[in-house]
Every structure is written in structure tokens, then in C-alpha cells.
Amino acid sequence: MDHAVLYLTLTAIFGLFMAWGIGANDVANAMATSIGSKAITIRQALLIAAIFEFGGAVLAGGAVTSTIRKGIVDVSLFANDPTLLIYGMLASLLAAGLWLLIASRCGWPVSTTHSIVGAIVGFAAVGIGVDSVKWPSVAVIVLGWVLSPVVAGVVSYLIFSSVQKFILERRDPFAAARRLVPAYMFLAGFTISAVTLIEGFAHIGLPLTMMQSYTLAVAIGLAIAGLGAFFIRRIKIDPDSSRELHFGTIERLFGVLQVVTACSMAFAHGSNDVANAVGPIAAVVSTVANGVVGQSSQMSLWVLILGGAGIVVGLATFGRKVIATVGSGITALTPSRGFSAELAAATTIVVGSGIGMPVSTTQTLVGAILGVGLARGIAAIDLRVVRGILLSWFVTVPAGALLSMLMFYLIRLILG
Amino acid sequence: MAKTYFSGIFGRSPIKPLQEHMAKVVDCVRELKPFAEAILAGDWDSVNERRAAIITLEHEADAMKRELRLHLPSSLFMPVARADLLNLLQAQDSIANRTKDITGLMSGRRMVMPAPLHEPFLRQVQRSIDATEQAYRSVGELGELFETGFRGAEADLVESMIVELDEIESDTDTIQVELRKKLFPLEQDLPPVDVMFIYMVIEWIGDLADLCHGVGNALQLLLAR
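Same order as they appear, the protein sequences are chains A and B. So for the first sequence, my numbering puts the first residue at 1; every next one is plus one. So for the second sequence, my numbering puts the first residue at 1001; every next one is plus one.
If you are wondering where the hints come from, they were derived from the structure by calculation, not from laboratory data. Take these hints with a grain of salt, some might be off.
[Stated by the list, open to error] Here are the simulated SDA-like cross-link-like pairs (lysine to any residue), alpha carbons at most 20 Å apart as the crow flies:
#, chain 1, residue 1, chain 2, residue 2
1, A, Lys165, B, Arg1151
2, A, Lys321, A, Trp108
3, A, Lys165, B, Asp1166
[Said to hold, decoys possible] If you want the footprint, here are the derived chain B segments under chain A, 3+ residues with CB under 8 Å:
#, stretch
4, 1006 to 1020
5, 1067 to 1079
6, 1179 to 1186
[As the list claims (entries may be wrong)] Label pairs and their in silico Cβ distance ranges:
#, chain 1, residue 1, chain 2, residue 2, range
7, A, Phe230, B, Asp1156, 49 to 59 Å
8, B, Ser1170, A, Leu158, 14 to 24 Å
9, A, Arg43, B, His1071, 26 to 36 Å
10, B, Gly1140, A, Ser328, 21 to 31 Å
11, A, Ala175, B, Val1163, 52 to 62 Å
12, B, Arg1123, A, Ala175, 37 to 47 Å
13, B, Pro1073, A, Ser328, 48 to 58 Å
14, B, Arg1123, A, Arg43, 33 to 43 Å
15, A, Ala175, B, Glu1119, 44 to 54 Å
Glycine residues also receive a C-beta, built at the ideal position from the N, C-alpha and C atoms.
Here chain B stands alone, though its shape is the one from the complex (with noise of 0.2 Å):
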């Protein structure tokens, strides 16, 4: 009987990949928690434990990754530009990658943080967290984008996202700043070398919401065409 070429006109609508690497990269950083709980802790073998969740994680992102550019043939014809999609969906992956990086750093110097930082350390580690799920949310929100045809009470609903998205990174760059500050007493009774990397570390951490924030502007370039 009949195959069906009529149905072939229809690629792979790209919306639920890239919400599905989006969820994936979200599990992954939401795993930055238990890690840095062990990390604070000294419990080495639960962070190697966490760091190898996190990694896997982070692969099975890298492989949605692929397997989505793969299936964007440029013979596609999408309301929005392949070049922006690439773009979200690249943003997206650095957000799993810094992650890695960060628990690759701290397990492998089994970093010791000094007391005083444990606090807002946690803290911007939870905001990362939300940040992540606010990216989460917005990307969420592109199916309702194609339904609308990115303008109207829709395209401003993402609007107000990506603006609270911003609110939430510019707490992450306060927090940041407090834990510098908190560092720069202890520096002179700690190995130079340790703190170096725990400034470095810092300010991976704070990546994270940055890269967040990526994510929200790869999405109004996506809406603005």
C-alpha cells in the first residue's frame, strides 16, 4: 500500500530535544548539590560518587547534543533560525560542561574550604540551581513560542522569564562578591596554591548563572527574528 510521502514534508520538530537536553542539564547541575554538601563535608568517596553522576550527566547531554544537530538538515525550513537554535542549544551544553569542570577541579584537589565561606558557598550553589531551572523554565516555554508565532501575550510571558532569569544571576554576582571578600582575610593562613583554585572555583560557580543567562539571551535572539 501506500507509503506515506505526504507525512515526510514534516521534519523533527526540534522544541522537545531541546527541552529534553535542557532537563538533562538541569539534573545534572542540580546534582552540584549533594557534591559541594560532600565536598564541605570531607566525605571523599560520596564526592567521587556525585562527580561520577554528574559526568555521566553531563555525557548523556553531550550525546542529545549531537544526536539534535544530526537531525537539523539544513533542507529544514523553521520559523526560527538554525543558526539561533545551534546557538540556545550550545548555550545550553556549557552550562552541563562548567559543571563538570567544577567537580573536576574540587575532587581532584580534594579542596577543603575554610568555615567561614560554607554558608554562602551552599547559597550560590542553590542559586546556580535556580538559575538553571529558570533557564529550564523559559526554554519550557518554546512550544507555547511556536504555537504563538513568538509575538504577543506569549512572547511577553518569556520576557518576564528571561528578566527574572537576569534578577537571579545579578543575586549569584552578590554572592559572589561576598565570598571573595570572606576569602580575602583567611588568604595569608592558607596554602597560596589552595587559594588560588578556591578563587578560581569561585568564579566557575558563579559561571554557572552567567551561562544561565546565555541561555535567556539565546532565547531573545531566537524570538527577536
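The following block holds chain A by itself, in its conformation from the complex (with noise of 0.2 Å):
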């Protein structure tokens, strides 16, 4: 193929200019629950983010990864003209990162995961015709965008309702608390890793059987539990809490949770992000290595290794003043309201990106906290704001697929 080198590294460039995107915008809204209950400082969430978004961008971010290379459009129709879904990939990228840099300069809530997949219909769309785009599997991610701020708002409201019942409610919230406190550890260490093993690490050459997946689950469910339970102990009723019920102890009690579900929710961030900035990478490279449209051919992990270390590297730039400043509205959110949200959202992310599923993080998010707020544990959640992010996707979706036909008749204008 002409030109495979400057394909492969424009696409590069691209794809970790997005990836590194990712990590300078959208991680702070998976870490600012976190920050803004105050259970880990923003140092700590920098950490915790490089090495779980990395984690799970490695780990659990293959198929989401694939839905985008393949899943959206009908690559074998490229088949005769293979540079055409490299320009495409190439205009999706610039669409959707235009986007975002758009959007996010005017305040207006916006999606990678939404950005970049109406930029792929976009391309596929004019690049090749309308039947090039497979509208069921479309259709089954727009679902997946109705149902996940759903299904995370139901799981919220359970959990935080389960909180309010056997600890906040209680004669000694305290012991309750200290009692508890572990089990939710456990579920979610076990929630996450079950979900991710099963889903396989097949890719990084470690198949495990479902009996393995699901003692190593319980093993790293037991492992995190057993390590909270060890933070928890040292945490002492404040004497000087004159209130009679030691809510303000309560609450680190469920810091030290936090940290977990923040981990969690960096992971599931990155096994769900990462493929909006490689799924065109793997593409391309698919693409390019085969000369033809490569329909089956196994991703490469270099790829998400590469995804992964964009969004370390966002995060290491700019990262660090964007999460301070979203942590730094949310401190409405206490620790037990955090976690109940965060472990919701994690946990409906991490299935998604098993089945494949590319979601929002925080219309997710956003859906679990609405759950905690509707088991009546926010003092007040402004209705107005919710909407407009639960539906950003009516514009986002669109723009991109505009932004992504003009950058593809550009490309080739340039290229071809």
C-alpha cells in the first residue's frame, strides 16, 4: 500500500492527540466525585488514575476497542478502496477531537464516546453510502446510551438504600458502618475483576477458565476487603464530634471506600475510553498491515498499550488542573453518596465494555447520582443541568458526523 508510513503515523498522531484528550478532560469527571468528597487528594487521584485508566485501557478495553473499528461500519464494503476507511478513521478522529475541543471551550456537556461514533456513521455515511453503516448495531449503542445512565441509577438506589437500611438508620451507625464497610469493599474488588476476567485475558495470552475467573474475583474481592478492614480499624470515633451519632466518623469510614470505588471507576473509564481514541488506531493498522480491510484479524495490544499511555500522559499535563477544578464543584457529595454513585457506575461501565458496549462515563455517572438522589440522599440535584447532559447526544451526535463528512472530502481532498 502507498503511503502505509504516513497513514500509520497521521493516525498515531491523532489517535493519541484524542487519547490524551481523554485523559486531560474526561478523567476528571470519573475522578471528581472522588476529590470532591475529600476521601483522596488530587495527588492520590492522579495516581489512582494513571494506573487504573492504563489498567483498564489494557485490560478491559478490547472490545469496545473493536466495536469501534468494525462494529459501527460494514469495513468489508471498503474492501476495494481500503484507503477510504483510512481517511475515514483519520476524519473521525479530527471530527470528533474538533468536537470536544469545541464543546468543552464552551462548557457544554459532551461525550468521546458519542463524538466519535457519530463521526464513524458521519465518514461511513458519505465515504461510501448510507447502507455502509450497520444501523442494528448503531441502534443497539444508542440503547446502550438510554439504558446505562438507567441501569446505573437503579444499581445507586439500590446500594445507597441498602446503606441508609443497615448502617445510617442504625441504633450505632458507627459499628455498622465498621461492620459493612468491607463487604461493600468486597463487592465491588469482585464486581469488577469477575466482569473483566470473564470478559478474558485471552489478549495479553493469559485464557482463564470461568472457574478460574471467578475464585481470582473472589481472591481480589477478599484481598481489597481485607486491606479496607485494615485502614478502617485505625479510624476512631472523633471525641471532639459532639453530634450524638458520629456521622462525620461515619463518613471516612466510607472514604476509605471511596478510594476503592475510585479505582474502580478509573478503570472502568479507561476499559471504556480508550477504544474513542485506538478503535480508529486498530483500524488503520489493521488495515495497513494486510493491504486489505482487515475483517477478523486480532487486535494488537500495542495499540491499547498506546491508548493507555495517551491518557497517562493527559492526565500528567493537564489532568491535574481540570480534575481540581470539577472536584472542586461536587462537595455535596459525601463519601457514603460517592461510593453508592460511583461503584454503580463503574460497575455498569465495566459491563459494558465487556458486551462490547461504548457508553458515556458521565451520562453514566450522572444517572447513578440521580439514583442516589432519588433514594432521597442529595440535598439537591438541579433537574435542568441532569437533562441537558442526559440528552447532549441529540447534538453531539450529529455535529460529529457533520464535523467527521467535512474532515473526510478535506482528507481526501489533501491525500488522495
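Hints given; two lone chains; assemble the complex.
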């Protein structure tokens, strides 16, 4: 193929830029609830995000990447002219990146996921034709966007209701919290690792049976719970807190729990959102490598590593500032609420990652926060803003699609 | 860089402003004690000074009430009904209003209390202040109530505080009866119009604890949803 090196270099640059943007901007929303409740410091958040975003991207990012690569557009139709697919993927990355830049400058709620999916649909529709878009898969993805906040909301409602019932309403809520917080930690560790392990580690050369997966997940859950129990034991009732039921101290117990759910959030975000940057790279790589459009070729691990690294670089450069800004706005969420929302959102997102469903982390988290609110857990939620965020893809998808059409023509004009 | 649309989903919590409003009301009612002492001493300069202080505090409470109302848009989703919240706010505010009315009437008419009424009158003022402080303490638990989700041990605690408030209120009823009883035999020796207004003041001061009781009721309604 002509210009193979050029194409590869360009996609890698655009993809890395996208990953950088995800790290710089998107991660903030995933980490903000833990910062706002002061469960972790910004430095800790950066460390957690760097490790777990990367881990999520590499260990569990494969399925969504493959959806972005070949699940939205019927790549076999590009067999006659594989360069079109390359142009299209380049255009999508550029369009999504550009839209995110514009929207975040204006303070609009946008999701990388919506932008990239809209962009890919956009170029496919003009590059080959409307028929080249796998509309049933797109419909499923859109359904996922509607369902993910709802599912996260229901789960967080249940989690927080259980916190109320078994801890907060008790005669001695401190003792109850001390007993039960490790159980929630187990739940967090177990669910996230179970979903990830069952999805499979085959791509890193570690195929596991179902039994092995579950055993390992239980072991991870227990290890996290044990570690948590150790830290919890060191928290004593603050004698200065004159309040009879010591809710201040109880929230500190939940703060330990929120460290775990913050890790889960970062992992979940990495596993789902890395695809938005590296899905197009993967498509171009396999096309260039095979000279034809690779329908079935195995996804290369290095692509995921590249994406994970890009996210970490984004975090390191701009992440601190954005996380601090977003986190300082979310002081209304105490650790008991924050953990409920995070655990629900992380679980929902990781399940999405497992089945190759690209979902929006922010929307899912907002759904989860709303769930806690419905359980009477949050003093005030502005439904207008919530509506704006949940319906943002009505704007983002067409915007991404239009921009990507434009970019597609431009790139074809320049390179073609 | 990115603006924080995400943090916009959290509206301003009404708890703090509500408690601050109640704190202002307590400040206002507390002023009633030096005011009453000045009235009984017949020190009219001091009476006017105290009355001015109470008016200022009442105005401040009013401003806080308006401010809170403005920041409760109907798009706000809260664990308590908006109407119940506004109801509680109104109940709190009426205590300051009544305090202002009392001082207006007494200072305006340069009211002279017959000596036998002095002691129970001061006692009544003190009990009214106690009632307001108890109401303030109950409202002070709102943060904890939001924390627990309005049920369980914390709700029981607030329940017991409201019971205590009721006890103070029935105390003031007793003192009110005592005041009337002591005024009655003195009636014929006093100018009739003055007597009429003394009865009125006795009634109004009794209202304070009733209004505090109303705050307790509003709080209970808030819990009951």
C-alpha cells in the first residue's frame, strides 16, 4: 500500500491526541466525585487514575475498541478501496477531537463516545453510502446510551438504600459501618474483576476458565476487603464531634471505601473510553498491515497500550488542573453517596466494556447520582442540568457526523 | 479549559441557608430579654435602642428568607417536598415577625407593666427564648437528617427534640394563664385601653412559643414524606 507509513503516523498522532484529550478532560468527571468528597487528594487521584486508567485500557479495553473499529461500519465494503476507510477513520478522529475542543471550551456537556460514534457514522454515510453503516448495531449502541444511566441509577438506588437501611438508620451507625464497609469493598473488587476476567485475558496471553475467573475475582475482592478492614480499624470516633451519632466519623469510613470505588471508576473509564481514541487506530493499523480491510484480524495489544499511555500523558499534563476544577464543584457529595454512585457507575460501565458497548462515563455517573438522589440521599439536584447532560448526544452525534463528513472530504482532497 | 458543567448538577443545598435563617431568628428573639427589662425599668432610650436592634435583625431574617426562596427553583430535585421546605421557612420567619410586633406595640404605647406582672412576664420572655432555641436546635439537625435519609435513630432524636419543644410550649401556656390571672384583679385600677393592650401583649408573647411549635410541626411534616 502506498503511503503506509504516512497513514500510520497520522493516525497514531491523531489517536494519541484523542487519548491525550481523554486523559486531560474526561478523566476529571470520573475522578471528581472522590475529590469533591475529599476521600482522596488530587495527587492521589492522579496516581489512581494513571494506574487504573491504563490497567482498564489494556486489560479490558479490547471489546469496545473492536466495536469502534468494525462494529459501526461494515468494513468489508471498503475492500475495493481500503484507503477510504483510512481517510474516514482519520476524519473521525479529527472531527471528534475538534468537536470536543469546541464543546468543552463552551462548557457544553459532551461525551467522547458520542462524538466518535457520530463521526464514524458520518464518514461511512458519505464515504461509501448510508447502507455501509450497520444501523442495527448503531441502534443497539444508542439503546445503550439510554439504558446505561438508567441501569446505573437503579443500581445506585439499591446500593444507597442498603447503606441507609443497614448503616445510617441504625442505633449505632458507626459500628454498623465498620462491619459493613469491608463487605461493600468486596462487592466492588469482586464485581469489577469478575466482569473483566470473564471478558477474558486471552489477548494478553492469559486465557482463564470460568471457574478460574470467579476464583480469582473472589480472591481480589477478599484482598481489597482485607486491606480496607485494616485501614478502617485505624479510624476512631472523633471525641470532639459532639454529634450523638458521629456521622462525620462514619463518612471517613466511607471515605476509605471511596478510594476503592475511585479505582473502579478509573478502571471502568479506561476500559470503555480508550476505544474512542484507539478504535480508529486499530482499524487503520489492520488495514495497512494487511493491505486490505482486515475484518477478522486480532487486535494488537500495543494499540491499547498506546491508548492507555496517551491517557496517562493527558492526565500528567492537564489532568491535575481539570480534576481540581471539577472536583471543587462537587462538594455536595459525601463519601457515602459518592461511593454508591461510583460503584454503580463503574459496574455498569465495566459491563458495557465487557460486551463491547461504548457508553458515556459522565452520563452513566450522572444517572447513578440521580439514583442516590431518588433514595433521598442528596440535598439538591438541578434537574435542568441533568436533562442537559443526559440529552447531550442529540447534539453531539449529529455534530460529530457533520464534522467528520467535512473532514473526510478535506482529507480526500489533500491526500487523495 | 473545560468548564464544569458536571458539577452543575448539584444545586445549592437549602439546609445551611435554612439554619442560618433560624439562627438569625434566634438572635432576634434573644433581644427581647434586654428589651423587656428596659420596658419594665421604664428606660425609654434603651427601649428604642433595643427595638431598633430587633427591627434590624428581623429585616435581615426577611432578606435571608427572600434569598433562599429565590434559590429554590422548581427544577431542583430534593429529598423533601419544596412546599414543606418553604412552609418551614415561613414558620421560622413568623417568629421574628411576631417579636417585632410585640416590641412595636410595647414601645409605641410606652407600656407600663403593673409590678405584680414583672416576674412572670420576664419568665415568659425567657421561656419564649428557650422555645426558639429549642426550635433552632431541631432545625440544626437537618444536616444529619439529610445524611441519614430521614429515618432511623437520627429521626428519633429529632422527634424527641420536638417533644421537648412541645413541653416548653405548654410551659408558656401555664405562664400565660398566670399572667392573665394576676392582671385580672388589677384591671379596675388601670386605664381600660392600657389593660386591653397588656392583654394583647400577653397573648402575643404566648404566640412566640406557639410559632416555635409550628416550626416543630413543619419539621415533622418534612420528615413524614
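Taking the hints in turn, this is what the structure says about them:
Simply put, lysine 165(A) and arginine 1151(B) have alpha-carbon atoms about 9 Å apart, close enough for the 20 Å limit, and the pair holds. Simply put, lysine 321(A) and tryptophan 108(A) have alpha-carbon atoms about 18 Å apart, close enough for the 20 Å limit, and the pair holds. With a CA separation close to 29 Å, the supplied pair lysine 165(A) and aspartate 1166(B) exceeds the 20 Å bound. Counting residues of the stretch 1006 to 1020 of chain B whose beta carbon lies closer than 8 Å to any beta carbon of chain A gives 10, which reaches the threshold of three, so the coverage claim holds.
For the stretch 1067 to 1079 of chain B, the assignment as covered by chain A holds, since 6 residues bring a beta-carbon within under 8 Å of that chain's beta-carbons and 3 suffice. For the stretch 1179 to 1186 of chain B, the proposed coverage by chain A is not satisfied: 0 residues have a C-beta within less than 8 Å of a C-beta in that chain, short of the threshold of three. The given range of 49 to 59 Å is broken by phenylalanine 230(A) and aspartate 1156(B), whose C-beta atoms sit roughly 33 Å from each other. In this structure the supplied range 14 to 24 Å is violated for serine 1170(B) paired with leucine 158(A), their Cβ-Cβ distance being about 44 Å.
For the hinted restraint 26 to 36 Å between arginine 43(A) and histidine 1071(B), the CB-CB distance of approximately 34 Å keeps it satisfied. Hint check: glycine 1140(B) to serine 328(A), Cβ distance near 27 Å, so the stated range 21 to 31 Å holds. In this structure the hint that alanine 175(A) and valine 1163(B) lie 52 to 62 Å apart at CB is violated, the actual value being about 26 Å. At about 44 Å, the beta-carbon gap between arginine 1123(B) and alanine 175(A) stays in the expected band of 37 to 47 Å.
In this structure the supplied range 48 to 58 Å is violated for proline 1073(B) paired with serine 328(A), their Cβ-Cβ distance being about 23 Å. A beta carbon spacing of about 59 Å between arginine 1123(B) and arginine 43(A) contradicts the range 33 to 43 Å that was offered as a hint. In this structure the hint that alanine 175(A) and glutamate 1119(B) lie 44 to 54 Å apart at CB holds, the actual value being about 49 Å.
Hints 3, 6, 7, 8, 11, 13 and 14 from the earlier list are contradicted by this structure; the remaining hints agree with it.
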